[in-house]
Amino acid sequence: MNNYYFTSEHQLFRKSLRDFLNREIVPHIDQWEEEGEIPKSAFKKLGDMGYYGLGFEESYGGMSTDIFYTMILVEELNKCNSAGTAASLLSHSTLALEHLSKNGSEFLKKNYLKPGISADLIGCLAISEPQAGSDVSNIQTKAEDNGDHYMINGSKTFITNGVKCDFYVAAVRTEEKGYDGISMMVIDRSDSGIKTSALKKLGWHASETAEISFDNVRVPKENLIGEINKGFYYIMEKFELERLILSTGALASAEYALEYGLQYLSERKAFNRSLNTFQELRHRVAQLSAELACLKAFNYQICDALQRKENVTKECAMSKLLCTEFMDKLSYQVLQFLGGYGYMEEYKAARIFRDSRIGTIGGGTSEIMREIIAKSIIG
Amino acid sequence: MKNYYFNEEHELFRQGLRDFLNKEVVPNIEKWEEEQRIPKEIFKKFGDMGYLGLNYPEKYGGIDADFFYAVVFTEEISKVFSGGFMAAFAVQQFMSSPYLMKHGSDFLKEKYLTKAISGDAICSIAISEPNAGSDVANIRTTAVREGNYYIVNGSKTFITSGVYGDVLVTVVKTKPEEGFNGISLLVIDRDAEGVSATKLKKLGWHASDTAELSFDNVKVPVENLLGEENHGFFYLMDGLQLERLVGAIGGYAGSEAALDYSLQYMSEREAFGRPINKFQVLRHRVAQMSSEIESIKYFVYHCCRLHADGEYVVKECSMAKLLGTELSDKVMYQCLQFFGGYGYMEEYKMARMFRDSRIGTIGGGTSEIMREIIAKMVIDDKSYQKSTNTPIIKTKPTNGSMNGSSTTKNNTNNQINTTMSYESTFNTMKEKAESAQPLGSVLKLNFGENRIVIDGTNGSNQVSGEDIDANCTVDVSLDDFTSMLNGDLNPMGAFMSGKMKVKGDTGVALKLQTLFS
Chain A
-16 MNNYYFTSEH QLFRKSLRDF LNREIVPHID QWEEEGEIPK SAFKKLGDMG YYGLGFEESY
44 GGMSTDIFYT MILVEELNKC NSAGTAASLL SHSTLALEHL SKNGSEFLKK NYLKPGISAD
104 LIGCLAISEP QAGSDVSNIQ TKAEDNGDHY MINGSKTFIT NGVKCDFYVA AVRTEEKGYD
164 GISMMVIDRS DSGIKTSALK KLGWHASETA EISFDNVRVP KENLIGEINK GFYYIMEKFE
224 LERLILSTGA LASAEYALEY GLQYLSERKA FNRSLNTFQE LRHRVAQLSA ELACLKAFNY
284 QICDALQRKE NVTKECAMSK LLCTEFMDKL SYQVLQFLGG YGYMEEYKAA RIFRDSRIGT
344 IGGGTSEIMR EIIAKSIIG
Chain B
41 MKNYYFNEEH ELFRQGLRDF LNKEVVPNIE KWEEEQRIPK EIFKKFGDMG YLGLNYPEKY
101 GGIDADFFYA VVFTEEISKV FSGGFMAAFA VQQFMSSPYL MKHGSDFLKE KYLTKAISGD
161 AICSIAISEP NAGSDVANIR TTAVREGNYY IVNGSKTFIT SGVYGDVLVT VVKTKPEEGF
221 NGISLLVIDR DAEGVSATKL KKLGWHASDT AELSFDNVKV PVENLLGEEN HGFFYLMDGL
281 QLERLVGAIG GYAGSEAALD YSLQYMSERE AFGRPINKFQ VLRHRVAQMS SEIESIKYFV
341 YHCCRLHADG EYVVKECSMA KLLGTELSDK VMYQCLQFFG GYGYMEEYKM ARMFRDSRIG
401 TIGGGTSEIM REIIAKMVID DKSYQKSTNT PIIKTKPTNG SMNGSSTTKN NTNNQINTTM
461 SYESTFNTMK EKAESAQPLG SVLKLNFGEN RIVIDGTNGS NQVSGEDIDA NCTVDVSLDD
521 FTSMLNGDLN PMGAFMSGKM KVKGDTGVAL KLQTLFS
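Chain order of the listed sequences is A and B. Sequential numbering from -16 applies to the first sequence in the working numbering. Sequential numbering from 41 applies to the second sequence in the working numbering.
Hints were generated in silico from the structure; no laboratory data involved. It is possible that some hints are incorrect.
The following label-pair restraints were derived from C-beta to C-beta distances [what the hints assert, rightly or not]: (1) A/R6 x B/T406: 43 to 49 Å; (2) B/N171 x A/G362: 34 to 40 Å; (3) A/D13 x B/Y424: 36 to 42 Å; (4) B/E386 x A/P113: 53 to 59 Å; (5) B/E351 x A/E263: 26 to 32 Å; (6) A/G362 x B/E351: 57 to 63 Å.
Residues of chain B placed beyond 10 Å of chain A at every Cβ, according to the derived structure [to be verified]: (7) E48; (8) E74; (9) L148; (10) N317; (11) D528.
Computed from a prediction, not measured in an experiment: that's the story for all the values here. Note that beta-carbon positions come from the ideal geometry of N, C-alpha and C, so glycine has one too.
Use the sequences and the hints to build the structure in full.
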């Protein structure tokens, strides 16, 4: 049923990726969840395999592959039973490196994209601030033009990999007000004046999430990404892919969770028969499967359309909205299937449930998605 | 994203169909709802246009087009604000007559299918009984063989077009002691002796004629058996996939129509000094619903593509039916709310859409049955095999032009039937064009070496053979064009099967139809 989008090469890629993840990633996940972060060595392993180069220029070590290879990486990472692991490992390339590849100068590509693809350097995207989340045009972190450099002052929050990373792809204010005064620049982690602290979260435990403060950080002029004051548009441009990655991730997690729930239902007995023979539970599974199949078909269709460069802003918002809300619903139900065990850390449902909850918030909340959709339909 | 499934020809077909519906159907809906029936003449009009044989061979009067023409047809008939109207035509083409095509003998096809396609006969499918709905294996209507006849006794209920229709594809037990292994399909004439009908009153679908039927020693000739005796259950299971896809299409297409209708209202209606489409809570509700409609629509397209590619997709069709019809109930409820008190009044269309939607999750297999099927496939790994039959579905060709396999034969027939030369065609065309409404633009018909040019820009249609610039050029063979003039070939059919190629302003070509009538 997938073969309208996936060729046999895609399937082969998926299989070898799966083997790699089972060998190098899955065995460590419980430990990473415990420790609250993923070591750089894990990133390096993905880099060595070339997984961070998907869709990027070959001249910087990338592979000019189609969008479905990227989606396979997203799907398989989201089937390792730790959405935090997936988020942390993916954000390096799909968020930070994307901006460099799309709009970065030769200088930035050579010094950050190339080592980023090989994972010798880890990047992270820094946009949200304590007072500006979805409302990107309201960011306050200031970049003052001091002739040969910018002076950065301000703070960022909810930044994935923000403590351990080597560089930030940061949104800063280069003009006083509004969305026309935002620029993107690379801030090297080694610059002085940067303080970070890890935030404690409801879920996504393996993913390190940072609050960052910039206190008179000097950034060389050549670290500006693209043109000055164009940052807002660069961010908006990347939202389509980012949202599709989030919806693809949510669906893959959902598929993984549902399979896990089904396995449990087939093994667990109550009143002398398997749980999976109770009609009430069966119908709940049927409903969830139907919604999952529907959203998968919709989401793949949009991926394909994005690749063909169709305007799919509305559709991406729709998919992000539906898929992440669906995952919350499904993870709630799967936990219910497991009864008391669903609440215990010994089983996987508890982590699935708490990891899902960020889906409808990150990458633009459900409310922002509905705003975008309403605007495009009603005006 | 729509263009993955629909090419320019499909869209042109949609436009022509929409014009036809706006002319022949929409102005009459309220009357038909009131009278609780759709007049027979309207079926005939659909038949004359070729709309009732979209996926059937030309041999029986069909168009032999790809499945996405059927998708377009179903979408458009679902948007005329009458579920009852939609039901009658969905049953005619997608739920009853396919059994004649797939399992009927040449005799039955000749006798019944051709009439179903031409709109001379209204077809029903009679499955449900007072004591057996989704549980088909449990039906009790019996057909006992006596010589060259079956004697049918029993009753059926909830039968669409059962009171005023002509042909009943009827599910009977030929082995009453067996369950699903004792079921057969018989074609029964509605006016056969011993068949009687009572009209049922319903919550909605008022334009649709819904009957309770009783069969009292009805003599049915043995040649009216469809396929093999006792294979009926499998034929049904097979046919239900199409029925479910059609139900799913009706669900999202009806939802789309309701939402568009509501958006219009919301932009006009004011409250607290501003149009109600400015209120955030309503806007977000619209955003949520339209996301759900889009996602389900594209899922259904995906399922239709699998179906058109000949895959037997029981799970996907059941999922599509479940989601599409439940979506519709949700959307109708919300849209009615947008209209406030007016939503409850018959003056607006929402009240009808709300009550018409409510049957969706019941007919064609309830939502609960859909979940049973899905659960069996997902949890128990059950799979369903396609029963053997003649496939009627054509895969959509990638280049967008469709050449039916029977083209050559048809052309030969036309040549035998017609001895018209270019000159006589020209004269006939001139006569027709000059008495018709002016086209308002220039249309060129190219027959290779010769041509006919109709210039309708100066208040009348001037016909000449001169090669002047035209707004629209139609490439067609002289033979095919002559057949169209004679009424032997449907222009829309010729267009859809690739016999007619249109370049330039396609809207002009649509008007060609008016020249023939």
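Going down the list of hints, with the structure as the test:
1. The beta-carbon spacing between A/R6 and B/T406, approximately 47 Å, falls within the hinted interval of 43 to 49 Å.
2. For the hinted restraint 34 to 40 Å between B/N171 and A/G362, the CB-CB distance of approximately 53 Å leaves it violated.
3. The supplied range of 36 to 42 Å is met by A/D13 and B/Y424, whose beta-carbon atoms lie about 41 Å from each other.
4. Roughly 55 Å separates the CB atoms of B/E386 and A/P113, a value that falls within the hinted 53 to 59 Å.
5. Checked against the hint of 26 to 32 Å, the pair B/E351 and A/E263 passes, with Cβ atoms roughly 31 Å apart.
6. The hinted window of 57 to 63 Å between A/G362 and B/E351 is violated, with their beta carbons roughly 40 Å apart.
7. At roughly 17 Å, the least C-beta separation between B/E48 and chain A is larger than 10 Å, which holds for a residue marked as non-interface.
8. At roughly 34 Å from the closest C-beta of chain A, the C-beta of B/E74 stays outside 10 Å, upholding its exclusion from the interface.
9. Residue placement check: B/L148 keeps its beta carbon more than 10 Å from all beta carbons of chain A (closest about 35 Å).
10. Distance check on B/N317: its Cβ comes as close as 5 Å (rounded) to a Cβ of chain A, failing to clear the 10 Å threshold; non-interface status is violated.
11. With a least beta-carbon separation of about 39 Å from chain A, B/D528 lies farther than 10 Å from that chain, consistent with its non-interface assignment.
Of the numbered hints stated above, those contradicted by the structure are hints 2, 6, 10, listed in ascending order.
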